[in-house]
Amino acid sequence: MTFAIEARGLVKSFPGMEHPALDHVSLSVPEGGMLAITGPSGSGKSTALYAMAGLIGLEAGSVSVQGKTPRGRADWARLRARKIGLVFQDDWLLPTLSAVQNVEMPMIGVERSASARIARAQAALAEVGLSAHAERNPAGLSGGERQRVAIARALANRPAILLADEPTGELDTANSTRVVELLKGLNAAGTTVVIVTHDPDVAAQCGREVHIVDGKLEEMA
Amino acid sequence: MTLSGLALRNLTHRPWRSGLTLLGVVLAIASYIALVGLVRGIEGTLLESFSARGTDVILTEAGAADVLSSVIPEELAGDVREVDGIAAASPELGRMTTIGEATTSFVVGWAPGAFSFEALRLVTGRFPEARDRAGDVAGGIALGARLAERLELGEGDRVELFAAPFVVTGTYDTDALMGRNGAIGLLSDVQAQTYRDGQATSVVAKLEDDLDELERDAVLAELEARFPDLSVDATEEMVQEYVNLRIANILAWVVSTVAVVSAGLAVLNTMAMAVNERRGEIAIMGAVGWPRGRVIRVLMLEGAWLTIAGSALGVATGVAIAWIVAGSPAVEGFVEPVIDAGLILRALALGLGIGLVGAYVPAARAASEDPAAILRGK
Chain R
1 MTFAIEARGL VKSFPGMEHP ALDHVSLSVP EGGMLAITGP SGSGKSTALY AMAGLIGLEA
61 GSVSVQGKTP RGRADWARLR ARKIGLVFQD DWLLPTLSAV QNVEMPMIGV ERSASARIAR
121 AQAALAEVGL SAHAERNPAG LSGGERQRVA IARALANRPA ILLADEPTGE LDTANSTRVV
181 ELLKGLNAAG TTVVIVTHDP DVAAQCGREV HIVDGKLEEM A
Chain P
1 MTLSGLALRN LTHRPWRSGL TLLGVVLAIA SYIALVGLVR GIEGTLLESF SARGTDVILT
61 EAGAADVLSS VIPEELAGDV REVDGIAAAS PELGRMTTIG EATTSFVVGW APGAFSFEAL
121 RLVTGRFPEA RDRAGDVAGG IALGARLAER LELGEGDRVE LFAAPFVVTG TYDTDALMGR
181 NGAIGLLSDV QAQTYRDGQA TSVVAKLEDD LDELERDAVL AELEARFPDL SVDATEEMVQ
241 EYVNLRIANI LAWVVSTVAV VSAGLAVLNT MAMAVNERRG EIAIMGAVGW PRGRVIRVLM
301 LEGAWLTIAG SALGVATGVA IAWIVAGSPA VEGFVEPVID AGLILRALAL GLGIGLVGAY
361 VPAARAASED PAAILRGK
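So the sequences go chain by chain: R and P.
Residue numbers for the first sequence follow full-length UniProt numbering, so the first one is 1 and each next one is one higher.
Residue numbers for the second sequence follow full-length UniProt numbering, so the first one is 1 and each next one is one higher.
Don't take every hint at face value.
Claimed, not checked - Cβ-to-Cβ under 10 angstroms is the rule here; a few derived chain P residues that face chain R:
| id | residue |
| --- | --- |
| 1 | T12 |
| 2 | P15 |
| 3 | G286 |
| 4 | A287 |
| 5 | W290 |
| 6 | P291 |
| 7 | I374 |
| 8 | R376 |
These are computed hints drawn from the structure, not numbers from a lab.
Yeah, the Cβ is synthetic: ideal placement off N, Cα and C, and Gly gets one too.
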């Protein structure tokens, strides 16, 4: 069986922490799966997600994406550009760019045609219901709208895998529901989705949930 | 959207900071252009002042800091004339002095019939003669056309020179800027007024026309052998070795270098601040899959935009400053800035260079940071 993401024996420590952030964590997510990673603050759940995206260096262990193990920063950068979309608790939109330009940004270097990039960015914004706000700058959008633009940005290169770190952490209930529905819809369309969350309601809507405590992973029933 | 478009947006998003850094680059490049252009102009003016009247060789006192500090006997000109290959030689006594109302000019005394007169074109009147020294008049003086215009003097007018009254015998024109802004008297009159009877500052000589380079070198060698107590220089050599000019050259380079290094530090500081404030934006670029090189490139483009614009404005400002300085009453007539395409290209390359170096250091550091630590939360 080919996994969308397979993590084996991940170990990561941070200075000043009593226990490792990741203590030999192994985890696999099948293609098209939807997984929630839960756990208390500082348990290591976000660290696990960043490790799966190749955004942090590991002391031990390895991560494979669709059966391939990237080697080095450049390999990971290529994978994130083409196969992995990322959503964070904060939207991290570039304030100098409009919504559509923010969505276009990951496509620079992947799609050469500027008109194709803009068309795809418009389509991604339409997918999150923000076509009408395409030309607005982040300062002119609500928190929920900005997070949806961030999701559209993650979808820009049509990734097979979407990794989301507390995507509803900064949102009110209505916007949170909307974002989760969006992620569920993407999963239904075939995208593998991994969500880090401390919200049991969000976790409950994912097909599978794992729990991390003190860097150790427990599979939830 | 392009990378350079993104860089430009980032700059315009912070107009004050970008504007002040731009100003630093403008001032640095303007200083470079103005100072180097003016020094080159002084060099050119000096060279032109000799070459325009056909001077090939100049003999001065050995070890004198410059031609005006040199003191040699005027009769040496006769000995120089006897050397094979010399077509003409004459003594001259040059002084920088005040003419009329505080106008500093180069006044030179030439012997009657000196070959240097041949290169001048009389506009009005005549050149000075011995008969002009009569009564209370210390001598005659011919004024360069531009100097006559500036002083509003013409043939027959009187003018104060070396604290003595001189009569203007005529005006002349020449291809040399310094000549147009200078004045010519008789050697004996200038000697008498400057307490230098029988003395000259230099002997200028003209070589025979049909000499090739080897023969010219041989004449110079012969002059050096015959006059070991004198400094014998070809005109270009003399200008290059002119001590004041060398000091001006060194000062120009020192001031330009300080200005350019300061501008480099300003760009570095601006980029370091911009990068520090935008660590999240830089981290997200890495998170969406931008390779490290592209992240560095977009940040360096910001530095490049700043310095391209700053250098272009700096060149225009430098040219304007150089011409304003050259036209100011204190130096008018001594210098015409020499700002050619080579100097402008060097200034632009220098500007771009400082921008790229100033941007690279913080950009490379920011692009190497671990994005996860930043993206975990604001």
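Unsatisfied constraints (hint numbers, rising): Hint check: 2 fails alone, others pass.
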